[in-house]
Amino acid sequence: MLKQKNYLAVGAVVLVVVLLMSLPSRATSRLKLAIGSWFLPLFGLAGAAQQLPADLADSVLPRRELLKQVDALRRENQQLKEQQIQTAAIVRENNQLHALLDWQQNVPWKFKPANVVLRDPANWWRTVLIDMGSRDGIQTNMPVMTPDGLVGRVSAVNYLNSQVVLIGDQNCRVSALVDNTAQDMGVLIASDPLDNSLVQIGYLSTKANLKAGQNVVTSGLGGVFPRGIPIGKIVDAQSAENGLATEARVKLNANLGALEQVLVLIK
Amino acid sequence: MNFFKPALILGFAFLAVFGEATLTGLREFLGAQVDLLPALMVYAALNADIVTLTLLAVCGGLWFDSFSANPLGISILPLFIAGFPVYLQRGLILRDSPFAQLALGAAASALVPGLVLLVLLNGGKEPLIGWGTLWQLVVMTVGGALATPVIFALGEWCGGALGYRLRTQVSFRDDREIRRGRKLK
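If you're matching them up, the sequences are chains A and B in order. Residues 16 to 282 in my numbering are what the first sequence spells out, letter by letter. Residues -16 to 168 in my numbering are what the second sequence spells out, letter by letter.
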């Protein structure tokens, strides 16, 4: 029933799969990069197509509306300048106190803005690809966030782009701290595959005093995420592991479903 | 050999994978992204040769995995498994019937993600699965089923508009012409 050509086809497929699966991870990631680069012309086209409606809208915006926007931006700029002066004073005071107590100064973090170019087509991973790679100084395990809060970490770096694994994926575990009097600590674990705005925080103490609306931030443990990056807010809590621990649901500050621009934290 | 059909199928797979990674509307609305590669495998199994089917499984799988956190090459075998039995039984399948297309598309769209998840779990990976995964599988199955007749119609249309057809047999044959009247010497 099976002709020789069909045997050859089955053999070829099995051979290709076995070869690919036996490759070392470094070679696989290079091969992924090479295959992904075939799509570069389409990235350009898609970017231009996305930009076109915005350009068209800009060209037909009336002058009165533009003047109103300029006015609002001026006022916002003034407020930000005032805040900057206050912040600079606080930083100076903080540095003086650090020096008095002989504490180690916090290493300042810099941000690099990046665009999200595509999402994982498979439904069982929560990753995105950003348009910055090793050429731009990106390295693995760098934290990624938006102005609203933490998004994830860089999991793989290519020359031109990088893969970011988002919070809620099994491969992105974050040590987190609940911003209450007891400073309860836990670990962000996987979430519901359908809802990417909620994640679970597990391994909390049974005596944890959790209330809805309490802020959750990174604890700084683990060495990947610096302390104090906002993650989200507690929604509710329940007993887990047969009463040995507490789990809580956290509503994320960042909207993972509509990521367009992100900030990569660079030391 | 006519390279038009393989090129058309591979080109469509290329665009389908890119579309799945960039268009997020359906994912936001239904909570799952529909995969068009299984439906395309069904089309290739019923309308193309074994070389095209194999190329589609290998290239489609590689393109899909290059954008995903999947290990590279993990989607190739599930795609081939979805298309190869259909190819072997193509003589018995009513390929022009929309119901047959729908049923085969649904079966392939359910089989491929199921097999990929099975391989991932057996390989010690930790994909994000839960009760919501069942809904995602339903969306992928229904979406893939609905996409299959569309792909068939699109393939027919492209074949008719851009490809060349075999010369059709006309009823007139000069060797069977009935000569009337007397033969003039």
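If you are wondering where the hints come from, they were derived from the structure by calculation, not from laboratory data. Note that the coordinates shown come from a computational prediction; the quantities given were computed from them, not determined experimentally. You may find that some hints are simply not true.
[As the list claims (entries may be wrong)] As a list, the in silico DSS-like pairs of lysine-lysine whose alpha-carbon atoms are at most 27 Å apart:
1. B:108 / A:18
2. A:96 / A:127
3. A:127 / A:83
4. A:20 / B:-12
27 Å limit on alpha-carbon distance, applied to hinted pair residue 108 (chain B) and residue 18 (chain A) = Between residue 108 (chain B) and residue 18 (chain A) the Cα gap is close to 36 Å, so the pair fails against 27 Å, i.e. violated.
request  = Given the hint that residue 96 (chain A) pairs with residue 127 (chain A), test it: the Cα-Cα distance must not exceed 27 Å.
outcome  = The hint holds at about 22 Å.
query = Straight-line Cα separation of residue 127 (chain A) and residue 83 (chain A) no greater than 27 Å?
reply = violated, 30 Å
ask   = Is residue 20 (chain A) within 27 Å of residue -12 (chain B), Cα to Cα?
value = Holds, at about 19 Å.
Checked against the numbered hints listed earlier, the structure breaks hints 1 and 3; every other hint is satisfied.
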